[in-house]
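Line by line, the protein sequences give chains F and Y. Taken in order, the first sequence gives residues 1 to 183; the numbers are from my numbering. Taken in order, the second sequence gives residues 1 to 55; the numbers are from my numbering.
If you're looking for bench data, these hints aren't it; they were derived computationally from the structure. Predicted model only: the values in this text are computed from it and were never measured. Heads up, some of the hints might be wrong.
Stated by the list, open to error - Derived pair list, reagent style DSS-like, types lysine-lysine, alpha-carbon separation capped at 30 Å: (1) Y/LYS43 / F/LYS175; (2) Y/LYS43 / F/LYS178; (3) F/LYS96 / F/LYS27; (4) F/LYS175 / F/LYS96; (5) F/LYS177 / Y/LYS43; (6) Y/LYS48 / F/LYS177; (7) F/LYS99 / F/LYS178; (8) Y/LYS48 / F/LYS99; (9) Y/LYS43 / F/LYS29; (10) F/LYS29 / F/LYS178; (11) F/LYS175 / F/LYS99; (12) F/LYS136 / Y/LYS48; (13) F/LYS136 / F/LYS116; (14) F/LYS136 / F/LYS29; (15) F/LYS175 / Y/LYS41.
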Amino acid sequence: MHVPASFAAQSLYMMIAVASFIFLIWKVKLAAYVVKSVSLIGASVTFLALISGSIWGVPTWGTWWQWDARITSTLVLFIMYLGLISLHNSFNNLDKADKFISVLALVGFINIPIIKMSVNWWSTLHQPASITLTSKPSIDLAMLYPLMICIFSFLGLIIAIVLRAIQYEILHREKNKKWIQSI
Amino acid sequence: MMNMQFESFRSLFYMNGHGIYVWVVLIIFLMVIIGLFLFYKIKINNFKKENNEIN
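Please model the entire structure based on the sequences and the hints provided.
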């Protein structure tokens, strides 16, 4: 569950970054709603990745927390998500809030490749990537298949929640429009 | 025939001393995921209710 949560945490941030880019360049309102609604889910999933890693760290590494490169960069991701949520909530003008969090989200995107490469750049507790696109997986097939099932199942769950969140954001932000009132 | 990893329910819960970590993580995951589902479900339902009252 730890790996699917970490994978989802980074994937959601990539989704936010793409939506931010679309919003800032083409002013698509739906993209801004995506940025806003995915932030809370991203923060929750990153929290799950951190807490599950911390709990599992006790029997495997003998410690709850270590300033390991992967853990620290994931903590930065969690803080980024919290920053997006708080920044949006600090504005009364929602259009302004959308612009500011989109810019912040794009700036924070620099952290994603850092998380990905952290295990290669620094030699710390986390082992280098076991599954890569270019080489054979270094984990046993008996573990690889269940892991893949877990990752895709968890992503399915998260996508379902994201769609719900976007639905709510559209209803909330467009509440004064005629088509919403007729629902 | 399927090869079972654990001989009994007791060993499934205990997992050679690792059970506590596995089950605690599972419970936290379920709480957060179900919590998120309910959070948005309740928000959408409340919105629809308010919207119907206004109209």
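- request: If any of the earlier hints don't hold here, list their numbers in rising order.
  value: Of the numbered hints, 12, 14 do not hold.
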